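Let's have the full structure, built from the sequences with the hints guiding it.
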Amino acid sequence: MAAVATTGKQKVGWGTANTIVVALALIPLLWIISLSFKTPAAITDASFWPQQWTLSNYFGSTGILDTSTFIRPLLNSIGIGLIATFIAVVLASMAAYAVARLAFPGKQLLIGMALLIAMFPQISLVTPMFSIERALGLFNTWPGLIIPYIAFGLPLGIYILSAFFREIPWELEKAAKMDGATPFQAFTKVIAPLAAPGMVTTAILVFLFCWNEFLFAISFTSTISSRTAPAALAFFSGSSQFTAPTGPISAAAVVITIPIIIFVLFFQRRIVAGLTSGAVKG
Amino acid sequence: MMSDKDGPAQRSGGRPRRRPGNRRRAWAGLAVAGLAASGLAACGTASAGTGPVTLTYYQYPDTSGAIPKQIAACNAQSHGKYTISYQQLPLASDQQRLQLVRRLAAHDSSLDILGLDVTWEAEFAQAGWIQAWTGANKQQAEAGTLQPMVQTAIWKNKLYAVPDNTNTQLLWYNSALVPNPPTTWAQMIADAEQLAKQGKPHYIEIQGAQYEGATVWFNTMLASAGGSVLTPDAKHVSLGAPAVTALKVMHQLATSVAADPSLDVQEENQNRLAMEANTAAFQLNYPFVYPAMKADNPKLFKTFKWAPYPETVAGKPAHVTIGGIDLAISSYSRHKSLAFQAALCLRDKPNQLINATVGGVPPTLTSLYSDPKLFPDYPFHADILKALESASIRPKTPLYQVLSIDISHLVSPPGGINPASTEKQLVNDVNNGLQSKGLIP
Amino acid sequence: MSNTLGTEVVPADQTAEQPGGKRALSEGARAERRLGWMLCAPAVIVMVAVTAYPIIYAVYLSLRQDNLELPQLTKFVGLANYGAVLSSPFWWDALKVTVIITVVSVAIELVLGMLLALLMHRTLFGRNTVRTAALIPYGIVTVAAAFGWQYAWTPSEGYLSAAFNNSAPLSHTVPAIAVIILAEVWKTTPFMGLLLLAGLALVPDDLQKAAMVDGATGWQRFTRITLPLMKPAILVALLFRTLDAFRVFDNIYVLTAGGNNTGSVSILGYDNLFGALNLGVGSAISILIFICVAIIAVLFIKGFGTAAPGSDIGKR
Numbered sequence: 001m002a003a004v005a006t007t008g009k010q011k012v013g014w015g016t017a018n019t020i021v022v023a024l025a026l027i028p029l030l031w032i033i034s035l036s037f038k039t040p041a042a043i044t045d046a047s048f049w050p051q052q053w054t055l056s057n058y059f060g061s062t063g064i065l066d067t068s069t070f071i072r073p074l075l076n077s078i079g080i081g082l083i084a085t086f087i088a089v090v091l092a093s094m095a096a097y098a099v100a101r102l103a104f105p106g107k108q109l110l111i112g113m114a115l116l117i118a119m120f121p122q123i124s125l126v127t128p129m130f131s132i133e134r135a136l137g138l139f140n141t142w143p144g145l146i147i148p149y150i151a152f153g154l155p156l157g158i159y160i161l162s163a164f165f166r167e168i169p170w171e172l173e174k175a176a177k178m179d180g181a182t183p184f185q186a187f188t189k190v191i192a193p194l195a196a197p198g199m200v201t202t203a204i205l206v207f208l209f210c211w212n213e214f215l216f217a218i219s220f221t222s223t224i225s226s227r228t229a230p231a232a233l234a235f236f237s238g239s240s241q242f243t244a245p246t247g248p249i250s251a252a253a254v255v256i257t258i259p260i261i262i263f264v265l266f267f268q269r270r271i272v273a274g275l276t277s278g279a280v281k282g
Numbered sequence: 001m002m003s004d005k006d007g008p009a010q011r012s013g014g015r016p017r018r019r020p021g022n023r024r025r026a027w028a029g030l031a032v033a034g035l036a037a038s039g040l041a042a043c044g045t046a047s048a049g050t051g052p053v054t055l056t057y058y059q060y061p062d063t064s065g066a067i068p069k070q071i072a073a074c075n076a077q078s079h080g081k082y083t084i085s086y087q088q089l090p091l092a093s094d095q096q097r098l099q100l101v102r103r104l105a106a107h108d109s110s111l112d113i114l115g116l117d118v119t120w121e122a123e124f125a126q127a128g129w130i131q132a133w134t135g136a137n138k139q140q141a142e143a144g145t146l147q148p149m150v151q152t153a154i155w156k157n158k159l160y161a162v163p164d165n166t167n168t169q170l171l172w173y174n175s176a177l178v179p180n181p182p183t184t185w186a187q188m189i190a191d192a193e194q195l196a197k198q199g200k201p202h203y204i205e206i207q208g209a210q211y212e213g214a215t216v217w218f219n220t221m222l223a224s225a226g227g228s229v230l231t232p233d234a235k236h237v238s239l240g241a242p243a244v245t246a247l248k249v250m251h252q253l254a255t256s257v258a259a260d261p262s263l264d265v266q267e268e269n270q271n272r273l274a275m276e277a278n279t280a281a282f283q284l285n286y287p288f289v290y291p292a293m294k295a296d297n298p299k300l301f302k303t304f305k306w307a308p309y310p311e312t313v314a315g316k317p318a319h320v321t322i323g324g325i326d327l328a329i330s331s332y333s334r335h336k337s338l339a340f341q342a343a344l345c346l347r348d349k350p351n352q353l354i355n356a357t358v359g360g361v362p363p364t365l366t367s368l369y370s371d372p373k374l375f376p377d378y379p380f381h382a383d384i385l386k387a388l389e390s391a392s393i394r395p396k397t398p399l400y401q402v403l404s405i406d407i408s409h410l411v412s413p414p415g416g417i418n419p420a421s422t423e424k425q426l427v428n429d430v431n432n433g434l435q436s437k438g439l440i441p
Numbered sequence: 001m002s003n004t005l006g007t008e009v010v011p012a013d014q015t016a017e018q019p020g021g022k023r024a025l026s027e028g029a030r031a032e033r034r035l036g037w038m039l040c041a042p043a044v045i046v047m048v049a050v051t052a053y054p055i056i057y058a059v060y061l062s063l064r065q066d067n068l069e070l071p072q073l074t075k076f077v078g079l080a081n082y083g084a085v086l087s088s089p090f091w092w093d094a095l096k097v098t099v100i101i102t103v104v105s106v107a108i109e110l111v112l113g114m115l116l117a118l119l120m121h122r123t124l125f126g127r128n129t130v131r132t133a134a135l136i137p138y139g140i141v142t143v144a145a146a147f148g149w150q151y152a153w154t155p156s157e158g159y160l161s162a163a164f165n166n167s168a169p170l171s172h173t174v175p176a177i178a179v180i181i182l183a184e185v186w187k188t189t190p191f192m193g194l195l196l197l198a199g200l201a202l203v204p205d206d207l208q209k210a211a212m213v214d215g216a217t218g219w220q221r222f223t224r225i226t227l228p229l230m231k232p233a234i235l236v237a238l239l240f241r242t243l244d245a246f247r248v249f250d251n252i253y254v255l256t257a258g259g260n261n262t263g264s265v266s267i268l269g270y271d272n273l274f275g276a277l278n279l280g281v282g283s284a285i286s287i288l289i290f291i292c293v294a295i296i297a298v299l300f301i302k303g304f305g306t307a308a309p310g311s312d313i314g315k316r
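Residue numbers (the working numbering), protein chains in the order written: chain A, 1 to 282; chain B, 1 to 441; chain C, 1 to 316.
Any given hint could turn out to be false.
Taking beta-carbon pairs under 7 Å as the criterion, some of the chain A residues facing chain C (in silico) [to be verified]:
#, residue
1, W14
2, A17
3, V22
4, P28
5, A98
6, P148
7, I150
8, I160
9, A163
10, L208
11, N212
Not everything, but these chain C residues come out facing chain A in the computed CB check (under 7 Å) [to be verified]:
#, residue
12, L135
13, A198
14, V236
15, I289
Since the hints were derived computationally from the structure, they do not count as laboratory data. All values derive from a computational prediction rather than experimental measurement. Backbone N, C-alpha and C define an ideal beta-carbon position, used for all residues, glycine too.
Written as structure tokens, this is what we have:
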């Protein structure tokens with residue numbers, strides 16, 4: 001990092017920038033939080049903060065946490081997301097390493113296929129995939145969502161990771177091999193730490209893709225045993241068929257966001273950790 | 001969609017197996033299935049030895065507790081023959097339809113009783129997804145039920161569902177602003193303009209967003225003007241002069257000061273909220289607004305009154321479009337006879353009363369409207385009954401979804417209506433829709 | 001995709017290790033090939049197994065007149081569905097809206113994302129807070145966020161509408177599209193920022209320091225050193241973001257349901273495929289969306305040239 005002394009003016013400058021970014025990012029979230037603490041009658045008032053705070057959207061008979069219909073979808077989202085992300089990152093790393101480092105025919109085909117899958121509109125794939133899943137008995141199961149999520153998360157992962165692997169100098173692997181390391185050791189001790197930013201980025205983005213995904217979640221599940229959180233939102237109901245369940249949906253949005261905050265908080269430190277460890281300067 | 005041209009599912013126990021296409025086997029399978037089904041229907045005790053049969057009941061998500069109550073009552077009444085299992089569908093009507101269509105088109109046998117919106121019966125029946133009601137079941141389904149609701153369940157002269165609950169709109173108004181409710185649209189708009197001049201809340205709340213609600217509004221206005229979208233045989237477009245009249249009134253509202261600035265994106269819920277926020281003087285909406293106003297704005301509730309839907313043409317009583325849910329039996333259900341019984345139970349008199357008082361949806365049995373138990377929650381029962389008995393229904397055709405989207409895209413935003421040319425475009429688009437030509441917007 | 005189709009770069013060290021001439025070369029090369037295939041196999045198997053049949057089926061459907069509501073009229077019609085779509089004004093209106101939303105939102109996101117990446121990388125304090133806060137919008141379920149925006153912009157109900165003189169932007173085409181773009185930008189700028197940050201982190205500091213010593217200004221350092229080195233990351237970010245922006249659906253569906261001429265091509269496809277159950281036309285719309293998106297992808301990759309993945313093999 002730059003060794004110049006940080007002046008007061010610089011601090012103020014960065015501080016202002018920080019504040020603006022945090023504010024722009026969080027104000028709409030605060031609005032949703034505020035909606036989740038409003039009573040149904042107060043939804044119409046244009047005030048930002050509730051004049052009367054209520055926990056009825058979270059607890060109690062109309063609360064989302066007291067009825068089992070939301071906790072289970074939340075757990076499904078977390079479980080399916082983590083499993084799909086882990087597998088996708090592993091598979092994508094392997095493929096990306098091969099694409100970036102090795103020479104073999106069919107590489108362009110792989111890249112093209114990955115891009116094709118990333119580009120194809122998913123609405124037209126839902127119906128045949130639904131039929132396949134029913135035939136294989138995967139309908140309304142965790143694997144029934146995990147497998148499609150891996151398949152649609154791989155293209156992004158392969159692209160990001162191959163871009164990363166390319167940037168890592170080849171000399172490092174050679175040096176490690178000269179020092180007597182096996183290819184596997186070279187990979188884990190030298191390359192992986194440098195690729196960590198890319199792997200973390202991929203993990204975050206693939207997880208968030210699974211987390212946000214709605215179309216497959218609502219088409220391939222029928223009960224809460226495997227329905228994920230975004231799909232569960234579609235089943236929330238207000239006090240009547242016409243009343244939009246603003247309170248419960250906002251409360252659910254808040255609850256869904258908490259694991260994300262924890263997840264991001266945990267991972268974002270490691271994005272640049274790898275590079276500043278000094279391996280590159282060797 | 002993967003059309004299952006392979007043999008039919010085997011009904012005599014076991015899971016359905018798909019066989020490679022083989023005509024002879026298919027017909028044999030059908031014969032076996034037919035024999036087995038009739039055998040089941042005849043003795044009806046095939047499942048007695050193995051415990052109660054589980055019937056899946058697909059219905060909108062209910063938070064009031066009414067549906068679980070009805071299910072418990074019917075389970076008890078069945079004396080161990082069946083247990084109904086409540087499977088929730090999404091809140092939004094089009095999502096519900098998608099879930100059902102997807103699984104019915106795949107011949108999923110795990111669906112038994114289906115809660116269908118009143119506009120889907122023709123589509124589902126034409127595609128062979130729901131079972132026709134015959135004999136005693138049919139009689140029981142139709143006895144004492146509101147005629148327009150029975151109409152919604154009939155396709156090609158056969159009954160395909162039993163009406164469960166219904167809904168229709170009334171005029172709701174603030175009596176502090178409007179001592180005498182208007183009887184025609186023209187009068188209502190004039191009243192609103194008057195209120196506007198006095199600087200008082202004056203909006204007329206109506207559903208103007210580009211969705212089914214706009215089609216419902218147009219259908220109401222059109223039927224009230226003496227017209228209809230399709231000819232009675234549902235094969236040709238009707239519309240014509242009544243449509244122009246209806247469109248004129250809709251356009252008049254949209255361009256007057258009575259129109260809510262958000263009219264173009266308003267649905268029933270936003271109408272309700274605007275009324276509760278006291279920015280509106282009138283509201284055309286379903287009865288759900290009554291308990292909501294009571295809970296949300298008790299002060300305004302004191303002057304919250306109702307009246308029949310205003311007439312489109314002076315002198316011609318309005319025919320409000322009917323809504324609601326019918327219960328149908330899936331053609332792929334493995335327990336059809338039990339499902340018919342269960343469906344009839346779910347919508348019998350005591351259960352419809354629960355639906356009305358706890359669930360907040362009006363009943364379809366005419367006798368309930370003179371039942372004193374209904375009155376506390378439905379002080380407007382007389383007006384609702386009158387509206388229901390003279391209600392209009394939306395065009396009955398398997399292509400209703402297409403027509404609905406075509407119509408809603410032309411009448412919404414209502415400010416963009418040009419009565420004469422919009423009518424011509426409607427005729428054109430609905431014609432194309434009936435022949436499944438071209439795209440829908 | 002890129003220009004080096006089929007030409008294999010033989011790693012120099014392998015030839016050095018095997019001083020046996022041609023046969024030794026191919027042994028090493030063959031081992032490399034096998035390793036390459038083995039590493040790619042799992043990913044390829046998953047992708048193909050899940051999507052091959054559905055994609056082929058979708059293409060097949062688009063060539064047939066297939067309407068679930070009129071099953072008796074099903075037949076092969078070749079390119080008639082495509083003709084119907086391309087001659088329909090609904091398609092071109094939706095395409096116009098989609099292009100506007102895509103171009104404007106991606107442009108804004110690129111600039112904001114770059115600024116965000118710079119901030120996340122270089123800010124002097126509170127780095128964890130800024131990074132976490134900045135990524136949260138991407139983590140909020142789209143539908144829930146869209147509901148939040150809808151309420152915020154409804155007159156006499158929301159704070160944003162009140163801030164803008166109680167206007168109702170969602171009721172008119174241009175303001176509604178602006179609100180949709182705002183919702184899209186708010187939600188996915190973190191995606192761009194994160195990818196660009198990852199690219200930024202790869203730019204070695206020594207180069208920056210050396211340039212500073214040589215007297216380069218911040219702007220010069222940024223445009224001459226940082227940006228070129230970030231090209232691969234920018235490509236990935238732009239490419240994937242544009243592909244997703246072109247298929248925008250959730251935000252429009254919740255905010256306006258496509259009313260007032262704000263429907264995108266995805267909403268058109270959804271309506272025809274699931275609303276009208278017109279599988280033939282709906283699949284044709286999907287294939288056309290795919291073709292548009294493929295054209296964009298090809299243009300990007302050609303434009304970025306050697307920054308594309310797989311176009312050369314690492315830094316040897």
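Tested hints:
no.	hint	verdict
1	W14	5 Å, holds
2	A17	6 Å, holds
3	V22	4 Å, holds
4	P28	6 Å, holds
5	A98	4 Å, holds
6	P148	6 Å, holds
7	I150	6 Å, holds
8	I160	6 Å, holds
9	A163	4 Å, holds
10	L208	6 Å, holds
11	N212	6 Å, holds
12	L135	5 Å, holds
13	A198	4 Å, holds
14	V236	5 Å, holds
15	I289	5 Å, holds
The structure meets every hint from the earlier list without exception.
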